[in-house]
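Work out the full structure: start from the sequences and follow the hints.
In full-length UniProt numbering, the protein residues as written are 1 to 478.
What the hints contain is simulated information worked out from the structure, not anything from laboratory work. Owing to the predicted nature of the structure, the values given are computational and were not obtained by experimental measurement. A hint or two may mislead.
Stated by the list, open to error - Straight-line Cα separation of at most 30 Å, DSSO-like style, residue types lysine-lysine; simulated pairs: (1) 224 with 462; (2) 224 with 470; (3) 60 with 46; (4) 357 with 299.
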Amino acid sequence: MAADWLGSLVSINCGPTLGVYQGEVVSVDQSSQTISLRQPFHNGVKCPVPEVTFSAIDIKELKILDITIGNARNSSSASTKVSSAPVVVPKGDPRSAANLNSPQNCSKSQGERHVDIPGQPKGFRRRHNSWSSSSKGANQATPKKNGVKNGQMKPRDDECFGEATDDGVDTDFDFEGNLALFDKAAVFSEIDISERRNGARSRGTPLDQTPTRYRHDENILEAKPVVYRQITVPQPGAKEYCTDSGLVVPSISYELHQRLLSIAERHGLSLERRVEMTGVCATQMALTLLGGPNRFTPKNLHQRPTVALLCGPHVQGAQGISCGRHLANHEVEVVMFLPNFVKMLDCVTSEVTLFNKTSGKQVSSIKDLPDTPVDLIINCLDCHENTFLMDQPWYRAAADWANQNRAPVLSLDPPGSGQGQAVEAKWSLSLCLPFSLAEGAGRVYLCDIGIPRQVFKEVGIKYICPFGCKFVIPLHSA
Numbered sequence: 001m002a003a004d005w006l007g008s009l010v011s012i013n014c015g016p017t018l019g020v021y022q023g024e025v026v027s028v029d030q031s032s033q034t035i036s037l038r039q040p041f042h043n044g045v046k047c048p049v050p051e052v053t054f055s056a057i058d059i060k061e062l063k064i065l066d067i068t069i070g071n072a073r074n075s076s077s078a079s080t081k082v083s084s085a086p087v088v089v090p091k092g093d094p095r096s097a098a099n100l101n102s103p104q105n106c107s108k109s110q111g112e113r114h115v116d117i118p119g120q121p122k123g124f125r126r127r128h129n130s131w132s133s134s135s136k137g138a139n140q141a142t143p144k145k146n147g148v149k150n151g152q153m154k155p156r157d158d159e160c161f162g163e164a165t166d167d168g169v170d171t172d173f174d175f176e177g178n179l180a181l182f183d184k185a186a187v188f189s190e191i192d193i194s195e196r197r198n199g200a201r202s203r204g205t206p207l208d209q210t211p212t213r214y215r216h217d218e219n220i221l222e223a224k225p226v227v228y229r230q231i232t233v234p235q236p237g238a239k240e241y242c243t244d245s246g247l248v249v250p251s252i253s254y255e256l257h258q259r260l261l262s263i264a265e266r267h268g269l270s271l272e273r274r275v276e277m278t279g280v281c282a283t284q285m286a287l288t289l290l291g292g293p294n295r296f297t298p299k300n301l302h303q304r305p306t307v308a309l310l311c312g313p314h315v316q317g318a319q320g321i322s323c324g325r326h327l328a329n330h331e332v333e334v335v336m337f338l339p340n341f342v343k344m345l346d347c348v349t350s351e352v353t354l355f356n357k358t359s360g361k362q363v364s365s366i367k368d369l370p371d372t373p374v375d376l377i378i379n380c381l382d383c384h385e386n387t388f389l390m391d392q393p394w395y396r397a398a399a400d401w402a403n404q405n406r407a408p409v410l411s412l413d414p415p416g417s418g419q420g421q422a423v424e425a426k427w428s429l430s431l432c433l434p435f436s437l438a439e440g441a442g443r444v445y446l447c448d449i450g451i452p453r454q455v456f457k458e459v460g461i462k463y464i465c466p467f468g469c470k471f472v473i474p475l476h477s478a
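Below, the structure is given as structure tokens:
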């Protein structure tokens with residue numbers, strides 16, 4: 001019985017691991033349950049060995065592709081001969097292996113034809129690429145980089161592309177002529193009609209038509225026009241500033257500023273709370289100026305920045321001392337200069353007491369300040385009320401030291417342009433609403449100290465917070 005199938009062409013599916021084999025049956029051993037194929041193909045590729053033997057336990061499925069004519073005479077009725085070309089089967093896909101031997105897959109498809117090879121069984125046919133044969137002349141090799149060696153084609157190239165074919169078309173493709181046959185207007189008209197039927201916005205339609213579908217970056221609600229002048233004051237100063245987003249921030253006079261702070265203090269925003277809030281905002285800005293997260297890392301403990309604080313015996317000095325306390329808590333080397341006075345404000349005294357609990361250093365003489373440039377100087381020498389302090393020897397000595405030191409200067413709560421500044425600053429930090437600052441104030445920043453909107457309204461200021469998600473924002477001259 002087994003000898004009747006010798007010479008037949010079969011397809012053996014060995015599962016996703018071994019793949020699919022095709023070949024001519026040369027022996028069937030019933031005792032050892034093995035079958036051998038001659039000139040086998042593995043997953044559509046010819047095997048390098050002339051014969052392969054399979055065990056019954058490895059065979060998942062066996063199909064008869066072709067029966068020899070000699071064996072067909074012995075059968076009661078001749079079977080129909082089915083030609084099967086070796087097709088590349090993806091390894092590990094049993095569904096592709098099952099569809100491999102169907103007559104539809106083995107038939108001749110458009111764009112490729114099968115050529116019989118002498119010396120091989122008639123059921124095996126070689127796939128021929130029609131594109132390569134139509135674009136190349138007879139006996140002409142492929143234009144691949146490694147296709148020709150010493151004037152001769154490699155065996156694989158010869159097997160795939162070396163068939164004698166008809167001469168290809170020598171004339172170049174007429175791009176302009178074929179482009180002229182394309183009716184662009186008619187095609188886009190059909191596209192527009194199709195998009196209108198589908199409810200989408202068509203090309204070239206007016207933008208006032210409301211689309212039924214929106215993109216991810218389109219707003220469903222119509223945006224209202226942006227009002228950039230959201231803060232109005234009864235007595236505007238000489239300058240106007242604007243934020244990065246374009247909001248206008250007017251300057252105010254010293255009298256309006258004092259009236260605003262007085263009403264805020266009456267409603268519970270005490271001087272101590274205001275000093276603490278100013279110190280925190282100034283600390284955030286100073287830490288950013290010193291390098292921020294790039295400088296303050298555990299690996300940079302050997303490069304701790306040094307900050308010099310120049311403070312006077314007034315509220316602005318208390319704000320600076322509060323900033324120095326927070327900087328010292330953030331591992332910054334702080335040297336605070338404060339002249340000796342017999343009696344100082346209570347807010348200054350309390351801030352000095354807290355500062356002395358940190359690692360910061362307090363000095364009362366200019367000689368004790370660092371001789372080398374520091375990383376940052378915070379100037380809190382100026383007072384809004386007492387201008388006579390500028391004539392004091394300690395003030396002039398501290399201002400001269402700051403101007404001779406090459407470190408950049410941050411001026412905290414500086415006075416208006418009507419009052420001179422002995423220390424030229426690179427940055428200035430104003431509170432709630434800025435004064436009209438002089439050119440020597442440098443770049444102006446504004447900090448939020450927590451004054452409610454109703455307090456602004458009581459002094460006649462229409463106020464909408466310009467800070468957004470921050471407590472310190474930069475201002476630009478309008």
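Problem set entry | Agreement of residue 357 and residue 299 with the hint, judged by alpha carbon distance not exceeding 30 Å | It holds: about 26 Å lies between the C-alpha atoms, which stays within 30 Å.
Exercise. Does the alpha-carbon distance linking residue 224 and residue 470 stay inside the 30 Å limit?
Worked result: holds, 24 Å
Exercise. Taking only the CA atoms, is the gap from residue 60 to residue 46 under or equal to 30 Å?
Worked result: Holds, at about 21 Å.
Problem set entry | Hinted pair residue 224 and residue 462, Cα distance within 30 Å | holds, 20 Å
In summary, the structure agrees with every hint in the numbered list given earlier.
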